[in-house]
Amino acid sequence: TAGITQAPTSQILAAGRSMTLRCTQDMRHNAMYWYRQDLGLGLRLIHYSNTAGTTGKGEVPDGYSVSRANTDDFPLTLASAVPSQTSVYFCASSDSSRGDTGELFFGEGSRLTVL
Amino acid sequence: QKEVEQDPGPLSVPEGAIVSLNCTYSNSAFQYFMWYRQYSRKGPELLMYTYSSGNKEDGRFTAQVDKSSKYISLFIRDSQPSDSATYLCAPTTGFQKLVFGTGTRLLVSP
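The listed protein sequences derive, respectively, from chains A and B. Numbering of the first sequence is given in my numbering, commencing with residue 50 and proceeding in unit increments. Numbering of the second sequence is given in my numbering, commencing with residue 44 and proceeding in unit increments.
Please note that a few of the clues may not be correct.
Okay, derived cross-link-like pairs now, DSS-like style, lysine-lysine, Cα gap no bigger than 30 Å in a straight line [stated by the list, open to error]: (1) B:K99 <-> B:K85; (2) A:K106 <-> B:K45; (3) B:K99 <-> B:K113; (4) B:K140 <-> B:K85; (5) A:K106 <-> B:K113; (6) B:K140 <-> B:K99; (7) B:K99 <-> A:K106; (8) B:K99 <-> B:K110; (9) B:K140 <-> B:K113; (10) B:K113 <-> B:K45; (11) B:K140 <-> B:K110; (12) A:K106 <-> B:K140.
What follows is a set of in silico ranges between Cβ atoms, one per label pair, in the way DEER data are often shown [to be verified]: (13) A:S133 <-> B:G97: 39 to 45 Å; (14) A:G112 <-> B:E46: 20 to 26 Å; (15) A:R71 <-> B:S96: 25 to 31 Å; (16) B:G59 <-> A:D75: 37 to 43 Å; (17) A:P110 <-> B:Q74: 37 to 43 Å; (18) A:D75 <-> B:S55: 35 to 41 Å; (19) A:P110 <-> B:G59: 31 to 37 Å.
If you're looking for bench data, these hints aren't it; they were derived computationally from the structure. All residues carry an ideal CB built from backbone N, CA and C; glycine is no exception.
Take the sequences, apply the hints, and build the full model.
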């Protein structure tokens, strides 16, 4: 089973350029999330979407935007990349109808380097 | 002060050892206490979780929560090289509002 698919797996990007990280899930989960993971800082929530058509800001949303046009896709866009956005980005999903256990299903990550 | 504190390690143990991984937290509203395991260059995956205080056992793994001291523990018995990974604690107030610790890297040598 595929679960969460992220693309690209890695990318080097020049500062000032734009970039969209793609995320697709095949589990029909209603909620989706974008996290970034940095050494010493752990996983930090960037944006989330509780259902198609809605999005919300997480802990570190500045410099990022998201959209949720349908249930399966949740792209993350960096409009003008800066070196501090160098990180590993994880997309995740969850099924809130299963209650409050908070089980997230993660993709394999996208490693982004901004030079 | 961070909401969740976790020693980054690495913690190196020989195969067969008992491992203790710990987190402290500051938010008394946390009700669910999750442990995620993350292998190198992979996404985290849920290992187990507990609700409120007490213990929960799943095979070689035991999760323990002491809400009075705001202390979360994960014990691994008879550790195996395949247990080598980063372990992330993630308490939550509910409805996916997880707060992740920075993770403890565990190395189990054969």
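Here's how the hints hold up against the structure:
1. Distance check on the hinted pair: B:K99 and B:K85 sit about 26 Å apart at the alpha-carbon level, within 30 Å; holds.
2. Note on A:K106 and B:K45: the hinted pairing holds, with a Cα-Cα distance of about 19 Å set against a maximum of 30 Å.
3. A distance of roughly 17 Å separates the Cα atoms of B:K99 and B:K113; the hinted pair therefore holds under the 30 Å criterion.
4. Distance check on the hinted pair: B:K140 and B:K85 sit about 22 Å apart at the alpha-carbon level, within 30 Å; holds.
5. Our distance criterion of 30 Å between C-alpha atoms is met by A:K106 and B:K113, whose separation comes to about 28 Å.
6. Of the pairs offered as hints, the one joining B:K140 and B:K99 holds, with about 21 Å between alpha carbons and a cut-off of 30 Å not exceeded.
7. For the given pair, B:K99 sits about 33 Å from A:K106 by alpha-carbon distance, which is inconsistent with the 30 Å threshold.
8. With a C-alpha separation of about 14 Å, the suggested pairing of B:K99 with B:K110 holds against the 30 Å cut-off.
9. A hinted pair counts as satisfied when its Cα atoms are at most 30 Å apart, and B:K140 with B:K113 qualifies at roughly 18 Å.
10. Between B:K113 and B:K45, the direct Cα distance comes to roughly 13 Å. Compliance with the 30 Å bound is thereby established for this hinted pair.
11. For the given pair, B:K140 sits about 18 Å from B:K110 by alpha-carbon distance, which is consistent with the 30 Å threshold.
12. Distance hint between A:K106 and B:K140 is fulfilled; the C-alpha atoms sit about 12 Å from each other, no more than 30 Å.
13. One distance hint, 39 to 45 Å for the beta-carbon pair A:S133 and B:G97, holds here, with the actual separation near 41 Å.
14. At about 23 Å, the beta-carbon gap between A:G112 and B:E46 stays in the expected band of 20 to 26 Å.
15. Distance hint check for A:R71 and B:S96: the Cβ-Cβ separation is about 41 Å, which falls outside the suggested range of 25 to 31 Å.
16. At roughly 39 Å, the beta-carbon separation of B:G59 and A:D75 lies within the given 37 to 43 Å, and the hint holds.
17. A hinted range of 37 to 43 Å is violated for the C-beta pair A:P110 and B:Q74, which are about 26 Å apart.
18. In this structure the supplied range 35 to 41 Å holds for A:D75 paired with B:S55, their Cβ-Cβ distance being about 38 Å.
19. Taken as a hint, the range 31 to 37 Å is violated for the pair A:P110 and B:G59, whose Cβ atoms sit roughly 45 Å apart.
When the structure is compared with the earlier hints, violations turn up for hints 7, 15, 17 and 19 and for no others.
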